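**Student:** Spelled out, the chains give:
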Amino acid sequence: MADATGGTQLQAHIEIRDLTMAYGSFVIQRDLSFNVNHGDIFVIMGGSGCGKSTLLKHMLGLISPRIGDILYSGISFTRAGDSEKEAMRQRWGITYQSGGLFSAMTLAENVTLPLQLYTRYNSAEIVEIVAYKLALVGLAGYQNYYPAEISGGMRKRAALARAIALDPEILFFDEPSAGLDPISSRLLDELIVQLKESIGATVVMVTHELPSIFDIATNSVYLDNITRTMIGYGNPVDLRDHSDQAVVRQFLTRSAATANEDSP
Amino acid sequence: MDTQAPAFQLLGDNHGESSLVLSGDWVQGHGSGNFDALQSELLLRHPAKLMADGSSLGDWDSILMAFLLQCHNLCREEGIAFEARDMPEGVAQLLAVATAVETHQPPVESRGSLLASINPVHLLHKVSGNLQESLGFLGEVTIALSRLLAGKANTRFSDFKEFCYQAGPDAFAIISLISVLVGMILAYLGAVQLQQFGAEVYVADLVVIGMLREMGVLMTAIVMAGRTGAAYAAQLGTMQTNEEIDAITTMGISPIEFLVLPRMLALIVVMPLLVIYADLLGIVGGGIVAGGMGISPVQYITQSEGALSFTHVAVGLLKSLVFAILIAIAGCRSSINSGRSSAAVGQAATEAVVTAIVYLIVADAAINIIFQQVGI
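First to last, the protein sequences are chains A and B. The opening residue of the first sequence carries number 18 in my numbering; numbering runs sequentially from there. The opening residue of the second sequence carries number 10 in my numbering; numbering runs sequentially from there.
In isolation and in its complexed conformation, chain A is listed as follows (with noise of 0.2 Å):
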């Protein structure tokens, strides 16, 4: 198994330090040490109930580690102050498993907030801005629309709107082709590779979509719901073939699973 946290000559720009996170007494996941790279497409990916939407939480702040540092391009964000976090913040773009749009809000509105907030354009740019990052994901002309007016997966996009509204250098996706077709999932997985590509940014994202995973991912990790901790790290399609614990390989091929996977 690799480890994670020796040897790396670039610095990483994710990592996760001997992460512990719990529940009150219940633990979740211990021990969580892995790099996310700049560029990556890194996978969080394990079966239902194991913390990955946990983790992915831990990661954007939402809850504190109970013991473990989470560091961005070197500098730990679990102790940085307010202000820190919230220039850090502003440099990621997140979608949230049900889109997290503003349901009182326009298209238009949700994306202009960030831009309103944090940027510099005034708002004849905005508008053009907008337009822009609207048509990047494929809805041009929705502007005016109210999320409740449009279909699940169109809501997904426009979720990736707000989220690349800043030029974001992390993204960070729970669960994005969730609810969708496989037409509209492979799409999507394509559109967040091409604007990966161009904004050079790093993608971290929780999925269980194997042809997701293995269309996109370049590296990931593995949580166990058994042993309650990671029992994979690395590239998808290396640790389907080659890793040396059997329910990871379970889970990628997705062959039946053995009695002592799914727990009540």
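You can trust all of the hints, since none of them are fake.
To give an idea of the interface, some chain A residues facing chain B are shown, with a C-beta separation under 10 Å as derived from the structure: (1) N139; (2) K150; (3) L153; (4) I181; (5) L183; (6) L212; (7) E214; (8) I216.
Calculated from the structure, these hints are not laboratory results. Keep in mind that this is a model prediction, so the values were computed, not measured. Note that beta-carbon positions come from the ideal geometry of N, C-alpha and C, so glycine has one too.
Go by the hints and put chain B onto chain A.
**Tutor:** Chain B alone, transformed into the frame defined by chain A:
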């Protein structure tokens, strides 16, 4: 700072190929190219092809992309071929992604103007539409109620008990406070007038009749509209947003039976009890004021007993039943048909309270007029 302002130059002959040479740093804080100037010049020349040249571009961010997209869209509208050449890495790819899907043309619809919203005809139309929907809703509820009486409705008794508790005991504190104060207000109001005739002792009659017939039930109903009616609207509106109401419908359960009936029945059971409680506290409140004006408690009680009659109590209780139904209808109807967003939930709650209060006052007036005509 060695950044240069963004600039462009339109070169080339008429009707042939024009090139748009972009230069400078297209980043935030430095402004953008003057698109209107480009547009008018381009329309004047109207070349067959526009070649955007990025070979002398400096730094760039989304503002450049927004400008290029505008150029691209303008060229498409005008039938001019558009091509980007020598662009920095990323720009060409982003432009390709952004122009992959045609611009959606939303259907033109007129949103209501301010003038329309205060137009009396429009308002009347809205109110009558609201009333019509409420009557339809009442019809559905009646059908559900008849199914309940026949023992065929999917109404859960445990829900009903829970709603009774929420509507009743939970509301004691606010009802107590308001009733005592309303009783005191009535007593003060009457005392000042009656003192002029030396008839202070009749304050007791005024408070008893006022509370029993009118104020007790009306104030309780208004509190319940704001408290319980709004809660019902928020609950059902959130259920609509979460597709819970769809789930109930597709399970073959009528949302009216499952969601509306237990809430309405809880209000119908609880309201008369709350009204009796409010009446009692109101009379006590009046007694406090009367005591302060030199009327002895015994005198106040004796006088109150004289004023007390079964008719007054019955009028109050009858009103409480009508009001309970109105509050439940206003609370549930607005939300069960609401939109599916957080804004729609808020709108439904507002509508529930406003509609309920309008219904309450109108119904109260109507009942009073009828009773006065028949001499009750």
